[in-house]
Amino acid sequence: QQQVKQSPQSLIVQKGGISIINCAYENTAFDYFPWYQQFPGKGPALLIAIRPDVSEKKEGRFTISFNKSAKQFSLHIMDSQPGDSATYFCAASVAYSGAGSYQLTFGKGTKLSVIP
Amino acid sequence: DSGVTQTPKHLITATGQRVTLRCSPRSGDLSVYWYQQSLDQGLQFLIHYYNGEERAKGNILERFSAQQFPDLHSELNLSSLELGDSALYFCASSRAGGGYNEQFFGPGTRLTVL
Numbered sequence: 001q002q003q004v005k006q007s008p009q010s011l012i013v014q015k016g017g018i019s020i021i022n023c024a025y026e027n028t029a030f031d032y033f034p035w036y037q038q039f040p041g042k043g044p045a046l047l048i049a050i051r052p053d054v055s056e057k058k059e060g061r062f063t064i065s066f067n068k069s070a071k072q073f074s075l076h077i078m079d080s081q082p083g084d085s086a087t088y089f090c091a092a093s094v095a096y097s098g099a100g101s102y103q104l105t106f107g108k109g110t111k112l113s114v115i116p
Numbered sequence: 001d002s003g004v005t006q007t008p009k010h011l012i013t014a015t016g017q018r019v020t021l022r023c024s025p026r027s028g029d030l031s032v033y034w035y036q037q038s039l040d041q042g043l044q045f046l047i048h049y050y051n052g053e054e055r056a057k058g059n060i061l062e063r064f065s066a067q068q069f070p071d072l073h074s075e076l077n078l079s080s081l082e083l084g085d086s087a088l089y090f091c092a093s094s095r096a097g098g099g100y101n102e103q104f105f106g107p108g109t110r111l112t113v114l
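Going down the list, the sequences are from chains A and B.
As numbered in my numbering, residues 1 to 116 make up the first sequence, in order.
As numbered in my numbering, residues 1 to 114 make up the second sequence, in order.
Don't take each hint at face value.
[Unchecked claim] Partial list, computed: chain B residues near chain A (C-beta under 8 angstroms): (1) Tyr33; (2) Ala56; (3) Gln103.
[What the hints assert, rightly or not] Label-pair restraints from in silico Cβ distances: (4) A/Ile115 to B/Leu114: 34 to 40 angstroms; (5) B/Glu75 to A/Arg51: 45 to 51 angstroms; (6) B/Glu82 to A/Ser7: 39 to 45 angstroms; (7) B/Ser65 to A/Ser69: 40 to 46 angstroms; (8) A/Ile115 to B/Thr15: 24 to 30 angstroms; (9) B/Ser79 to A/Gly16: 32 to 38 angstroms; (10) A/Arg51 to B/Ser80: 38 to 44 angstroms; (11) A/Gln81 to B/Ser65: 41 to 47 angstroms.
In short, the hints are calculated from the structure, not lab data.
Since the structure is predicted, the reported quantities are computational estimates derived from the model, not experimental observations.
Even glycine gets a Cβ: it sits at the ideal position worked out from N, Cα and C.
Pulled out of the complex, with its shape left as it was, chain A reads as follows (with noise of 0.2 angstroms):
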C-alpha cells in the first residue's frame, strides 16, 4: 500500500517558469512533511519540510502548499533554473512516536528537467 503518492512522475519546465509537483498521503498521522532533492549519484537532501500547522511555507524559490482537509501537498519551485533539474521526492513522517522511530515514507519521486 503506497502511503504517499506524487505526480507528475516526470516534468519539463523552461527556464524562469513555474514547477508543480504534488503529493498526496493516506495517514492521518503524519505531521512532519519534508521535500528532498537528489541530483544523480548522490543521496537526496532535504529540500524544505513543513508542519501541518501551517499552509505555506517558503524558502526563496521554494514553497511548499499544505492542506490538511484534503491530506495534499505539493511543492512550487518559482523561477525555475537549470540547476534545479534533478529528482524531487514528497515525503511523509511522525513527529512523536510511541516506538522512538521516526522514518520516511516516500512518494514515488518526480524527475525535473528545466530547459533554457
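Based on these hints, arrange chain B on the given structure of chain A.
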C-alpha cells in the same frame, strides 16, 4: 557533503553471496536509518537504530540484518543475495530519536547482483 559516509560506493557480487554495507553517521547523531532505492519501489525504509538499539523495521527481508555499534557506525548485512536485491542502499542519520529532526543522507552504496 552531508557528513554521512558510506562504504563501499559500488559493490558487484554474485547471487547467493553475502555482503556488508557500512555507514558512519554525522558526528553527534545517534539515529541511523537504512533505506533501499530501486527503480520500481522507489525509496523504502528498511530499519532504524538509535544509540545501538533497534527501533523499527520496515520492508526489510529476513535475509537482511543490521546493527549499530558502540561508536554509532552501522552495518547492513545482506545474505543469500538475489538479482532483485540490486539497488542503491542509503543510510541517513539524525540528531536524536525523532521529533522534527532532519535526516541527513549518505552518498549511498550501489549494489549489483549478477
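Going through the hints against the structure:
no.: 1; hint: Tyr33; in the structure: holds (6 angstroms)
no.: 2; hint: Ala56; in the structure: holds (3 angstroms)
no.: 3; hint: Gln103; in the structure: holds (6 angstroms)
no.: 4; hint: A/Ile115 to B/Leu114: 34 to 40 angstroms; in the structure: holds (37 angstroms)
no.: 5; hint: B/Glu75 to A/Arg51: 45 to 51 angstroms; in the structure: violated (33 angstroms)
no.: 6; hint: B/Glu82 to A/Ser7: 39 to 45 angstroms; in the structure: violated (31 angstroms)
no.: 7; hint: B/Ser65 to A/Ser69: 40 to 46 angstroms; in the structure: holds (42 angstroms)
no.: 8; hint: A/Ile115 to B/Thr15: 24 to 30 angstroms; in the structure: violated (41 angstroms)
no.: 9; hint: B/Ser79 to A/Gly16: 32 to 38 angstroms; in the structure: violated (51 angstroms)
no.: 10; hint: A/Arg51 to B/Ser80: 38 to 44 angstroms; in the structure: holds (42 angstroms)
no.: 11; hint: A/Gln81 to B/Ser65: 41 to 47 angstroms; in the structure: holds (43 angstroms)
Going through the hint list in order, the structure does not satisfy hints 5, 6, 8, 9.
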